[in-house]
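A.B. asks: Each chain, written out:
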Amino acid sequence: MIWFFLLSGLFLGWSLGANDAANIFGTAVATRMVKFRLAALIAAVFVVLGAVISGAGATETLGHLGAVNAIAGSFTVALAAGLAVTWMTRLGMTVSTTQAIVGAIVGWNLFSGTPTDLSSLSTIVASWVVSPILAGAIAAILYFLTKLFLAKVNIHLLREDAYNRLALIVIGAFGAYSLGANNIANVMGVFVPATPFNSLHFGKLLMISGKQQLFLFGALAIGVGIYTYSHRVIKTVGNDLFKLTPVTAFIVVFSESLVLFLFASNTLHFWLLNHGLPAPPLIPLSSSQAVVGAILGLAVAKGARGIRFRVLGRIAASWVTVPIIAGVLSLLLLFFMKNLFEQQVVADTRYHLSEKVLTHLRQDGLPVDDLRSLNGESFSHPRELRQALRRTGQFDEMQMLAIFDAARVDTLGRDTVRVDESRLTAAQYRALARLQGRRYLYRWQLGEALARLTPAWEPKQADTPLKQQRRQELLSLVYRVSRVPPGNRSVNSHQEVAP
Amino acid sequence: MPLLFRKTQEMETMIDEYLDRVVQGGLLFKEGLRYYLDGDLAAFEDRLADIDALESESDTIRRRIESQLYTQTLIPESRGDVLGIIEHTDEVLNITAETLMVLSVESPEIPEALRQMIRELGEVSVTCMDELITTIRAYFRDVERVRDGTTRVLFYEKEADKIADRIKRKIFKDDSITGDLSRKLHLRDCVANIENISDTAEEVSDRLSIAAIKRTM
Chain A
1 MIWFFLLSGL
11 FLGWSLGAND
21 AANIFGTAVA
31 TRMVKFRLAA
41 LIAAVFVVLG
51 AVISGAGATE
61 TLGHLGAVNA
71 IAGSFTVALA
81 AGLAVTWMTR
91 LGMTVSTTQA
101 IVGAIVGWNL
111 FSGTPTDLSS
121 LSTIVASWVV
131 SPILAGAIAA
141 ILYFLTKLFL
151 AKVNIHLLRE
161 DAYNRLALIV
171 IGAFGAYSLG
181 ANNIANVMGV
191 FVPATPFNSL
201 HFGKLLMISG
211 KQQLFLFGAL
221 AIGVGIYTYS
231 HRVIKTVGND
241 LFKLTPVTAF
251 IVVFSESLVL
261 FLFASNTLHF
271 WLLNHGLPAP
281 PLIPLSSSQA
291 VVGAILGLAV
301 AKGARGIRFR
311 VLGRIAASWV
321 TVPIIAGVLS
331 LLLLFFMKNL
341 FEQQVVADTR
351 YHLSEKVLTH
361 LRQDGLPVDD
371 LRSLNGESFS
381 HPRELRQALR
391 RTGQFDEMQM
401 LAIFDAARVD
411 TLGRDTVRVD
421 ESRLTAAQYR
431 ALARLQGRRY
441 LYRWQLGEAL
451 ARLTPAWEPK
461 QADTPLKQQR
471 RQELLSLVYR
481 VSRVPPGNRS
491 VNSHQEVAP
Chain B
1 MPLLFRKTQE
11 METMIDEYLD
21 RVVQGGLLFK
31 EGLRYYLDGD
41 LAAFEDRLAD
51 IDALESESDT
61 IRRRIESQLY
71 TQTLIPESRG
81 DVLGIIEHTD
91 EVLNITAETL
101 MVLSVESPEI
111 PEALRQMIRE
121 LGEVSVTCMD
131 ELITTIRAYF
141 RDVERVRDGT
151 TRVLFYEKEA
161 DKIADRIKRK
171 IFKDDSITGD
181 LSRKLHLRDC
191 VANIENISDT
201 AEEVSDRLSI
211 AAIKRTM
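For the protein sequence lines, the chains are A and B, in the order given. Per this note's numbering: the first sequence = residues 1 to 499. Per this note's numbering: the second sequence = residues 1 to 217.
Hints in this document: simulated from the structure, not taken from any laboratory. All clues stand as given, with none of them false.
Interface residues of chain B toward chain A, partial, derived using beta-carbon atoms under 7 Å:
id, residue
1, T8
2, P76
3, E77
Just so you know, even glycine gets a beta-carbon here, dropped at the ideal spot from N, CA and C.
Take these sequences, add in the hints, and give me the full structure.
C.D. replies: Below is the structure:
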């Protein structure tokens, strides 16, 4: 059954491979600089590598937007996105799986009653606007640099051709890696909270997490898409969009790949932050729009007047229409999935508002007076909590999100020592060991208990972004490892235990 | 790296060798014409034999270039231009060989009054040809210099035209050139043959101008 549910994600992956690989090798193949077979092989291999090695960053951001927590829900969300992409592509829109999946996730949030993280959403949408502009700027700069370089070095036409060929292959591989890293979130992101896979250990050195296995399958689907269908798309990308020479093709692909990489690489992200530089958020982008941006940047740099504003208009329109269509489709399909096929598209989640939750929320600066009437109440579905909150007070979406996060009952504390010791400092590990066997109802309680035991777990204002992110990641790991599966929770497990 | 670019290196060398043959062809033509005008027919026939051998060598190289450019799918964007340029350059070489061959077969008697002018026409034509080859090399290595090169080719072609014009007028208008109309027409054809060298060079140069524009980013 699990495999059936993954099918929609694989379909989305296939369409990504068929469409987006063309953005990376389309120009190289169309200008006959690289043979299709070689391009497809390189693209497939590096998409898989990028997805498995660096796919986590952008996935995290999508996860913030909405954690689809039941596999049938993930199936439906991915299906809605896939259908929206196929439909819009037929209408000739420059669409991306990214916009579709974001719309579909928001659709799931609406359906389930879970609040949408508006700050994540606005960051994502802003990145869509920024990415083609950034790609265009990079392309323009690269154009001038390449022109200057070629004028200086005077390479023989044949040698230039050979170097160019090599560069197209290398940059294509980099582009495919970046595409895999950046876009795997679209394909498999919604399945992450409901992943059916367990970690695989190969000796002491190699460990492939459940998430990475999921990414591997998604990436393989992308690879199949590249092999089976991208050839046709490549023909149109290479010839219709804009007449590119091999050198300008290189510039376009390089700019696009850089932008995808900037928005996907965890390593680069933290390196930039730690050096006090602005770092782009890790967000899945549209490679098609990055390519169009790069080509327009090139056109501006060449002083061409013939910029087709209709193309720009179509892109801007897709930022709005595609998510809306995917969102509506997602809502409709979820409704049918739940009521017609009787599948659980939203996992049962318990929320309990206790005095401690209210105190915690007040400490976070939330007005809790309106919540007093709900003190002691439990809810078994996000929609119930949302309705209760609506009745009691005026909470905006971000406040709702904070309340949902704080009130979610999780039962943590099983085997805290199972967390891989090598990833922790000694102090962090000792603190974990001391909590062994204790139970916590809420995630934030476990975090606070750890912070009380040692400053090593304590969030500090002065921490570098890297440190903050690391601590957050470790805490997520602790939550995951120590989470008591719903079936094993004793009747009294909702009684929280003070440390 | 060297292994990776071996084919490219081979092709570069082959194109250079081909262009070397064309330059040599020009020099042989100049020498051959000089010996013919000086009446040293043995030396003239030697040069004719040399230019014939050179032409067939260059044909072999040209065919190899053409087939390898296609089979190895090198320079896909500029392949058509490069092939066009090389084929038309070959025509220039062919004309030099043919012109000497016509002199050998038809043995026109060149009046003393025309000899210096014809020698001059031959020299200017060969200079035009040399400039063309330099420009072709620039197209491959330093495309910015193509414009200067084509300007020079054009200049020498015009010079050759003027000289040829003067010779033709002299053939038909000057009393010192004796003989019937058929002799005059024969002389005119010989001059037209030489003039054809720079005309064809100009055609190649026009192609080069366009190819160079396509090559600049």
